[in-house]
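Enquirer: With the sequences and hints as input, model every part of the structure.
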Amino acid sequence: MGRDTEKLGKGGAAKQHLPTRRQVLKGAAAVAGAAAGSNVIGAPVIWAQEIKDIELRHVGVSYSVVKAIGDQAAKDLGFKVTMQNVDTSAAINRFITQPNTVDIPDLEGWQAKLAAKRGVIQGINVKKIKEFDNFLPIFTKGELDGQLIPRQGISPYEAMYIDKPDATDLHEGVTEWATFLPQVYNADSIGYRPDLVDHPVTEWKDLLDPKYKGKAAILDVPAIGIMDAALCFESAGLIKYGNKGNMTKQEIDFTIEKLIELKKSGHFRATWTTFDQSVQLMAAGEVVIQSMWSPAVAAVRVKQIPCVYAPVNKKGDKEGYRGWCNGLGLMKHLNGKKLDAAYEYINWYYTGWQGAFVSRYGYYSPVPSTAKTFMTPTEWAFWYEGKPAPEEIKDPYGVPMEKVGTVRDGGSFLDRVKNISCWNTLMDEAAYMNKRWNDFKVA
Amino acid sequence: MHSKVTTRRRQAGWLLILPLVLILVPFFIVPIIGVVAASFVQSDGFGGIIPSFTFDNYRSVFTSALTYQLYWATFKFTVFAWFFSLMIGFWIAYFLVFHVRNPLLALGLFLLCTVPFWTSNIIRMISWIPLLGKEGLINSALVGTHVIGQPLDVLLFSSLAVVIAYVHQLTIFMIVPIFNSMARIDKRTIEAARDAGASRFDIVRLIVLPLCKTGIALGSIFVVSIVMGDFFVVKVMSGGGSASVVGAFYEDIGVLQYPTAAASATLLTIIVSLLVVAILRTVDIRKELTR
Chain A
255 MGRDTEKLGK
265 GGAAKQHLPT
275 RRQVLKGAAA
285 VAGAAAGSNV
295 IGAPVIWAQE
305 IKDIELRHVG
315 VSYSVVKAIG
325 DQAAKDLGFK
335 VTMQNVDTSA
345 AINRFITQPN
355 TVDIPDLEGW
365 QAKLAAKRGV
375 IQGINVKKIK
385 EFDNFLPIFT
395 KGELDGQLIP
405 RQGISPYEAM
415 YIDKPDATDL
425 HEGVTEWATF
435 LPQVYNADSI
445 GYRPDLVDHP
455 VTEWKDLLDP
465 KYKGKAAILD
475 VPAIGIMDAA
485 LCFESAGLIK
495 YGNKGNMTKQ
505 EIDFTIEKLI
515 ELKKSGHFRA
525 TWTTFDQSVQ
535 LMAAGEVVIQ
545 SMWSPAVAAV
555 RVKQIPCVYA
565 PVNKKGDKEG
575 YRGWCNGLGL
585 MKHLNGKKLD
595 AAYEYINWYY
605 TGWQGAFVSR
615 YGYYSPVPST
625 AKTFMTPTEW
635 AFWYEGKPAP
645 EEIKDPYGVP
655 MEKVGTVRDG
665 GSFLDRVKNI
675 SCWNTLMDEA
685 AYMNKRWNDF
695 KVA
Chain B
57 MHSKVTTRRR
67 QAGWLLILPL
77 VLILVPFFIV
87 PIIGVVAASF
97 VQSDGFGGII
107 PSFTFDNYRS
117 VFTSALTYQL
127 YWATFKFTVF
137 AWFFSLMIGF
147 WIAYFLVFHV
157 RNPLLALGLF
167 LLCTVPFWTS
177 NIIRMISWIP
187 LLGKEGLINS
197 ALVGTHVIGQ
207 PLDVLLFSSL
217 AVVIAYVHQL
227 TIFMIVPIFN
237 SMARIDKRTI
247 EAARDAGASR
257 FDIVRLIVLP
267 LCKTGIALGS
277 IFVVSIVMGD
287 FFVVKVMSGG
297 GSASVVGAFY
307 EDIGVLQYPT
317 AAASATLLTI
327 IVSLLVVAIL
337 RTVDIRKELT
347 R
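Line by line, the protein sequences give chains A and B.
Under our numbering, the letters of the first sequence match residues 255 to 697, in that order.
Under our numbering, the letters of the second sequence match residues 57 to 347, in that order.
Calculated directly from the structure, the hints in this document are not laboratory data.
Accuracy of the hints is not assured; some may be wrong.
Looking from chain B toward chain A, a few residues come up when the C-beta cut is under 10 Å (computed) [said to hold, decoys possible]:
(1) G101
(2) S116
(3) S120
(4) L126
(5) I185
(6) F213
(7) S294
(8) S300
(9) G303
(10) Y306
(11) I309
(12) L312
Taking lysine-lysine and the DSSO-like style, the derived pairs with C-alpha atoms no more than 30 Å apart in a straight line are [unchecked claim]:
(13) A/K657 <-> A/K626
(14) A/K382 <-> A/K371
(15) A/K586 <-> A/K418
(16) B/K132 <-> A/K512
(17) A/K382 <-> A/K592
(18) B/K132 <-> A/K467
(19) A/K384 <-> A/K626
(20) A/K518 <-> B/K132
(21) A/K517 <-> B/K132
Sample of chain A residues at the chain B side, in silico, Cβ under 7 Å [to be verified]:
(22) I350
(23) L368
(24) K371
(25) R372
(26) D474
(27) A524
(28) T525
(29) A538
(30) G539
(31) A684
(32) A685
(33) N692
(34) K695
For glycine and all other residues, C-beta sits at the position ideal for the given N, C-alpha and C.
Expert: Laid out in structure tokens, this is it:
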């Protein structure tokens, strides 16, 4: 673990001999100079004895289910946490077909919807989540700064509530029971090489510019790749979608035909599936512009290769980021002490250590107020406020990332999140879309 | 008396195949039956199935142009991978058996062929990327020596790259069985042919090739079934620019469309089995192996 994290973890990590959450929070509060301990219910000593043998298996994608976070949680909570990584499609398949091999499913909004439908998860009682009232209203109420969060695709808010713990259908509007609770999220856009692209990119249509023929790439995960494509075509004025996140068959056909046309003209150098592939494509000079994730752009820059994350702020109905959000769920089979431990674990996520950790990747915490207490003022200024970095910025493992004075691409947290125009999804016509996506692949 | 011996023999036979049966039934036969059964039900669109009996999944597989395009793409890769791995594998085996005089040295060289295969398939595949890329070793060398002005795009993220990766991964599966059957050829046969005035080419055509048909057939089975059942090499080396039969139904599973994926999987299993049967018809493996 890096120097930076150790320093920041002082409140939590250093007090190994007293691994209850109360102590952790007290430590954190002391470091941050805030009085955070007062509203926390302490864990009785007997509880610590009983939970020693408990093991929670947290399963999900690698960028969301991180070993370092699980290790810290285990240290603070006193029971065993095992993090298991699978890809998006393997994750949802495992939750549904082998529900008993998972305790904490890491879910995207659309996966939460499916998991509820299949009855493999139980509702989370939000009354038991101590920081729930400090969650950003993007998630709990579907708004931010009084502005409604767009509902193209499946927004986290839309997928969050059910009316009773064993309900299989989502509920519109706030209830006491949640399908999942957001833990990490971000706004995706385009990455490009500023030395090889002659102007600052602020619109998705630049990805289609014939100038970058044979030097462009797009994401090859059908459900979200098609949304990136849709953002491009809408930006270029070729089509106006009713809902990019839930296209009609005609809209899917149009989008795929356009993609095939571009592919046949040699526009795409490649398509990518994993984080590493996107980094490699950019770093090896194969592409100069592609749909990309924020930490992947950072990973290219760490290799001393200039790379910019395009700020694609909304312009009327066009542009905007594609938002995604992963959250924690409770599998249906959890009960008794294990269920209590799972609640402890979920509560731990919102006490700040994890929020600070993911923020150093360029992702965000749903409870920034606690994450802030675990971040240095420099980090907070850079990652959340969009200000020039007062000092060098390091990644979660302590590797230097950004020089003094750098401003985060896309600006402050509010600037970026308010410009999300659609969310990761699974369309009603997913089967048809998948088939057409394969037409694009084989063309 | 006689029947007692037969019974005992038969019992011994059953005992011998028992371990294999114990593995194959629960881990192969039962899952396959599950897949076939799933291919005849309907999906509810949320990863569940509606218990019913329908041919719809097969109908959609057979009436979709995509199926034929996917098989065409996969067959192309299969043929190229088979051809080049056979060419390279055959001549390597030939060299080891007939040109390396010292049998110990031949065995040593043969083992040397397997060294690259001690690392994982994935590592061997992705290690081509820095070699073939736009700023890779080959392109840098060619551009640096002014042989070409612009880097060649076709080296990576192309069908060529896919075939290169397959051939690199699969040639060993040709070398081993072909080496094995060539090594059994009686050297005196070759000498006799030479004494009778046969040219080197005639010897290969009329003696070596017919006598190592079994090895070629076995190698071909490995290569064909691996390529037909692969999706990862195609995905990575074509840069997502090409699709494969398995890749397509893997995507179906990603959106929980189990019945259609099961129908595609059943169809593929049948087609690969037919290919294997066709290959086996060219040789009598059982006779050759007990020779």
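Enquirer: Decide, hint by hint, whether the structure agrees.
Expert: Hints versus structure:
no.	hint	result
1	G101	7 Å, holds
2	S116	9 Å, holds
3	S120	7 Å, holds
4	L126	6 Å, holds
5	I185	7 Å, holds
6	F213	5 Å, holds
7	S294	8 Å, holds
8	S300	9 Å, holds
9	G303	7 Å, holds
10	Y306	8 Å, holds
11	I309	6 Å, holds
12	L312	7 Å, holds
13	A/K657 <-> A/K626	21 Å, holds
14	A/K382 <-> A/K371	23 Å, holds
15	A/K586 <-> A/K418	13 Å, holds
16	B/K132 <-> A/K512	26 Å, holds
17	A/K382 <-> A/K592	15 Å, holds
18	B/K132 <-> A/K467	27 Å, holds
19	A/K384 <-> A/K626	17 Å, holds
20	A/K518 <-> B/K132	19 Å, holds
21	A/K517 <-> B/K132	20 Å, holds
22	I350	5 Å, holds
23	L368	6 Å, holds
24	K371	5 Å, holds
25	R372	6 Å, holds
26	D474	4 Å, holds
27	A524	3 Å, holds
28	T525	3 Å, holds
29	A538	5 Å, holds
30	G539	4 Å, holds
31	A684	4 Å, holds
32	A685	5 Å, holds
33	N692	5 Å, holds
34	K695	4 Å, holds
Going through the hint list in order, the structure satisfies each hint without exception.
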